[in-house]
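Participant: Following the hints, position chains D, C and W against chain L.
Protein chains in written order, with our numbering: chain L, 63 to 395; chain D, 63 to 395; chain C, 63 to 395; chain W, 63 to 395.
Once the Cα atoms are required to be at most 25 Å apart in a straight line, the calculated SDA-like pairs of lysine to any residue come out as:
1. D/Lys-105 - W/Tyr-73
2. C/Lys-104 - C/Ser-352
3. L/Lys-104 - L/Pro-346
4. L/Lys-296 - W/Ala-305
5. W/Lys-256 - W/Ser-159
6. W/Lys-296 - C/Leu-286
7. L/Lys-102 - C/Ser-109
8. D/Lys-193 - C/Gly-334
9. W/Lys-256 - C/Arg-245
10. C/Lys-376 - C/Leu-394
11. D/Lys-173 - D/Val-160
12. D/Lys-256 - D/Lys-285
13. L/Lys-285 - D/Val-316
14. C/Lys-285 - L/Thr-337
15. D/Lys-121 - D/Ile-83
16. L/Lys-141 - L/Ser-159
17. L/Lys-295 - W/Asp-335
18. W/Lys-104 - D/Thr-85
19. D/Lys-386 - L/Ala-269
20. D/Lys-105 - W/Ser-348
21. W/Lys-295 - C/Gln-255
22. L/Lys-105 - C/Lys-105
23. L/Lys-295 - D/Asp-252
24. D/Lys-295 - C/Pro-339
25. L/Lys-102 - L/Ser-117
26. D/Lys-285 - L/Asp-301
27. L/Lys-104 - C/Leu-112
28. C/Lys-295 - C/Leu-239
29. C/Lys-242 - C/His-353
30. W/Lys-285 - C/Glu-307
31. W/Lys-285 - D/Val-299
32. D/Lys-295 - C/Thr-337
33. L/Lys-285 - D/Arg-288
34. W/Lys-285 - C/Thr-337
35. C/Lys-295 - C/Ala-200
36. W/Lys-97 - D/Asn-86
37. C/Lys-285 - W/Leu-195
38. L/Lys-295 - D/Ser-284
39. C/Lys-242 - C/Tyr-137
40. D/Lys-102 - W/Met-63
Quick caveat, the hints were computed from the structure, so don't treat them as lab data.
The lines below spell out each chain.
Protein chains: 4
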Amino acid sequence: MLKIGVVGCGYWGPNLIRNLIETNRATVVVHDQDKSRMEKVKKRFPSVGLADDYSELLKTDVDGIIVATPVTGHYPLGKQALEQGKHVMLEKPMTSSVAHAEDLIRLAQSKNLVLMVGHTFVYSPAVRKVKELLDSGALGKLLFVTASRVNLGIHQKDVSVIWDLAPHDFSVLLNWLGEKPLRVSAVGRDYVQKGILDVAFINIEFASGAIGHVEVAWLAPSKLRRTVIVGSKKMLVYDDTQAVEKVKIYDNGVTIKDPETFGEYQLSYRTGDITSPRIDTYEPLSAEMSHFLDCIENGTTPHSDGVHGLEVVKLLEAAEQSVKLGGLSVELV
Amino acid sequence: MLKIGVVGCGYWGPNLIRNLIETNRATVVVHDQDKSRMEKVKKRFPSVGLADDYSELLKTDVDGIIVATPVTGHYPLGKQALEQGKHVMLEKPMTSSVAHAEDLIRLAQSKNLVLMVGHTFVYSPAVRKVKELLDSGALGKLLFVTASRVNLGIHQKDVSVIWDLAPHDFSVLLNWLGEKPLRVSAVGRDYVQKGILDVAFINIEFASGAIGHVEVAWLAPSKLRRTVIVGSKKMLVYDDTQAVEKVKIYDNGVTIKDPETFGEYQLSYRTGDITSPRIDTYEPLSAEMSHFLDCIENGTTPHSDGVHGLEVVKLLEAAEQSVKLGGLSVELV
Amino acid sequence: MLKIGVVGCGYWGPNLIRNLIETNRATVVVHDQDKSRMEKVKKRFPSVGLADDYSELLKTDVDGIIVATPVTGHYPLGKQALEQGKHVMLEKPMTSSVAHAEDLIRLAQSKNLVLMVGHTFVYSPAVRKVKELLDSGALGKLLFVTASRVNLGIHQKDVSVIWDLAPHDFSVLLNWLGEKPLRVSAVGRDYVQKGILDVAFINIEFASGAIGHVEVAWLAPSKLRRTVIVGSKKMLVYDDTQAVEKVKIYDNGVTIKDPETFGEYQLSYRTGDITSPRIDTYEPLSAEMSHFLDCIENGTTPHSDGVHGLEVVKLLEAAEQSVKLGGLSVELV
Amino acid sequence: MLKIGVVGCGYWGPNLIRNLIETNRATVVVHDQDKSRMEKVKKRFPSVGLADDYSELLKTDVDGIIVATPVTGHYPLGKQALEQGKHVMLEKPMTSSVAHAEDLIRLAQSKNLVLMVGHTFVYSPAVRKVKELLDSGALGKLLFVTASRVNLGIHQKDVSVIWDLAPHDFSVLLNWLGEKPLRVSAVGRDYVQKGILDVAFINIEFASGAIGHVEVAWLAPSKLRRTVIVGSKKMLVYDDTQAVEKVKIYDNGVTIKDPETFGEYQLSYRTGDITSPRIDTYEPLSAEMSHFLDCIENGTTPHSDGVHGLEVVKLLEAAEQSVKLGGLSVELV
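Same shape as in the complex, but just chain L (with noise of 0.2 Å):
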């Protein structure tokens, strides 16, 4: 039985102690800096522990802790922890910079601790199925991905709509693709908030010559997730607001014969079957927690690793540089 500490009792921490809690392979110890929240974490969840000062916390028998404040808290109370020698999974995104998110790399390696960014659709089976099927080759070449993530949504007011919603987007994207980007370009728009930008339209090119086109907005009549995925052999579209049918593949394509032989490019066009694969419906954070434990236990590295979500700290902060820069391409080294 692992021992872990949740820091962070707002919105989303009593989804993680449930989930934890029901793997059955944990106890929760949760902390939070406002005590009516404790408690009524502990008149939910009875078998937590409260843990009044984080400091304290650190230096009980805890084997990893799980940093779900606000995203200016995740780089001193994630270092503090790492220090003491415990695991540590960040909530999204990883930090509000570049340099911290590295230097908890640095750190968590010199220690040899499990450091893990929660980029819960990672871990959600659908993207997990689409993951499966690009690495069996069934898709061909992977030329370039649209994804749209809007709706009516609630404003933030100390972050924009890039680092709100498109963390999604860039940690599904480069899980998939599995190669660094080179280059960031953004437009945005700030309509309602002077200064947060509520709406951005964002491209990613990848030195494999693929394309990541990201829309995010605030403002949006109805709510979209979709997500279209064009490969050299298959097409798919993976749509989250959907019940029934997240997932379907089609055996769309273009085949170009081979130029010598006829002279000039011979296409021809191929419309199939399309496919919608039953995927599995466990809920995702389950999944993440699980994963968590066992990169604890067997010391591997988690698929959202500090890496990981420092390449996504890295499109978000090139993103938004790009909108300031007018458009202008952000290189990332």
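Facilitator: Here is chains D, C and W on its own, set in the frame of chain L:
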């Protein structure tokens, strides 16, 4: 009864001829360099006259000329017709360069002739309905528009997906907004045929602060013809693939209360009724043909006049150039 | 603060308990013959009291009893509670026979006690919205209603698909029409388990000339919860599987002009706007619980009172009987 | 080159003529009592011959006659043609009575002539694809079929919604099942024009235990052309309003394990992939015309021969009769 010459009897010409004849307001003479095509047209529409020679056709009492050849023919054929004092309608896109379009506009103005461009969508019932809603102020200030026009389409050999598909969206956008764009940036790829873009993501910025975002692709698993308008009061989805409910108006919005009174921005969200107004069902091309005849008869300026066509060509050129510059913004003076 | 006893802590009971507690208007005591179930409930809702013995519970100052056992328990447990002077809510369907339902109604009336049946849909925001539209006359005279409630569902072992699924639609139909049905005919099959219908098509005829057509099946490829109302002025679709646009009103209709004037019937067709009104998003069960407490406090008659529940049971019995008779109409006196 | 006479140039005739001409396998002569209609056809299809007199036409070397008049003309015109030794295709429904249909079948058999009925859906790519799937056993034993064919449609003046719309579904059902129905029951209403049913719900029972359930209405807010097949192995949805994904196969099912072994029924549920097979895109009427010509040339029996057409008429008569009997089952001997 007007007399109209239609030049070019390929894929599109017969549609124009049919709709012209059905107005019962014009007799039609056709010309094509390929005589077999003319004969085919004659067989289908026994009432049309045939003209073997374009120059000779222009010497007759024909009132107007419609040019439906490939885009490279628009400029020379249109110019010749204007010089002979004929009213002219050119298919879209107007010309293959800004310079050519400007030349034709000057010529038509100096001779006081109608110069129209066949941007058919501007005459479609759905687009006109949206224009009406925008002009009435029902949507409030137009904030941004996103348009997707994609499917597994026929790859053109000599023209990019931007020149093939984007004229529709550019024309509609300009018609709706009624303002000139400031700058364009675009990212694209030529996955199938080297040198011919088959996917592009285009941003258009306007002086009012509005953004137009247009996605065009010949490579996509499913057909999308979806345009979203986010206004400050209401939002709207125009989905041209729907047989019913082509236009949906969402009474959704964000209201910002006066920050002076409350010390800080107070946002309130509104989710309201969704209304799909009844849309007339006439054929857009029929309305376009009638409009051309009206303009000739009354000396009025077409909704899609030469200046409108020129603005579209400017956007096309700029978008292509931006892709070549790796996404750099291109100013539209 | 009222005191409510909940009897039966299986699948549905905890939902009732949660919603009761959240009203903050009642304390809750639970009873189940299976003590382990009671303990589970206690763990999840520490504030509830436990009653080992039902007869003892009825001797306490509990104000009302909610019976959430399998249907065979509804009659004896409800009767006992009424005899002890307690207000009663029975889960749907009310009883397994018309005779039992009538007995309970008599008893409740003689003792002036609330007798309610848990037809939750009657309390759902969408069903109430439709009721409002019907009562306002916006749809005109109700001509017919078709309802489909199907998907690959769990086969009950002791009750047919009619008793399992049709109570929802019957209750909603009766609520909307506000008139008693004349007769029922039904065709069904027991494909999977002999003797247990798993698909049925049911017609209900009303004195006004209206028909209700209900399709229920445990065997269907995709989930349907779709009800169509055809009124003489407007038509309406209520699709409970939709997250937004659950209710759509079609301003479509046929107008018959006076035959005397025109010598023959003159029909004119109207296709108009489609409107999807905003629907409140409260939980139906929460409204149902509040309604039960209101009725106890104010002595008012529930929307889904015993008479309503009885009408549903009559329809269930008649539909089953009609299937056995090979589809013969069964009169509902 | 065959020679085909088409009788009746109203709404449907020109579609037949166009498709006949496009086979390039037949010359066409047309006849209509209304000469202005024949002239209109001649203008549109200059290659057709005109026949002023039907009896004279039958004396020529015409090989086959297609009757596309209102249904009352099918019997006399078809009979006359058969008597003159001509192959005959009658539009659907075949005749307005069973007796007439039987008479024509006898006549055609005695003269060894082709007698076909224009049940076009039987020749549509989607219906043929489903037939193929059924015949291959992929769906298992066919349990039941539900079909909805409704929208705000044009009310016929002299024929009910059953005779107007149900022939399509009856024909498809019979084609798919390949077995004769035992009995029919139906409920309907004549809301708009007294005496002319405008909505009906029809149940058809087969000896195999299968049920077909057909809903037809001229009064419905939105267009439905949806047929669901529940097989013992898989299920299928055929939605004719969809441009893509017209047919979807659901690998969903219930498996009953042997009750002898387990003491009681053991059910297991399977939810699997959903596949939408690519469907050919040819025009059904074109396939139908080719099939008629094939049958004439090769002396083969049409898929939709007189016997098929008769079965449809029997169902239509029985359904109408059942409505008049208040829903009583009508046996089909």
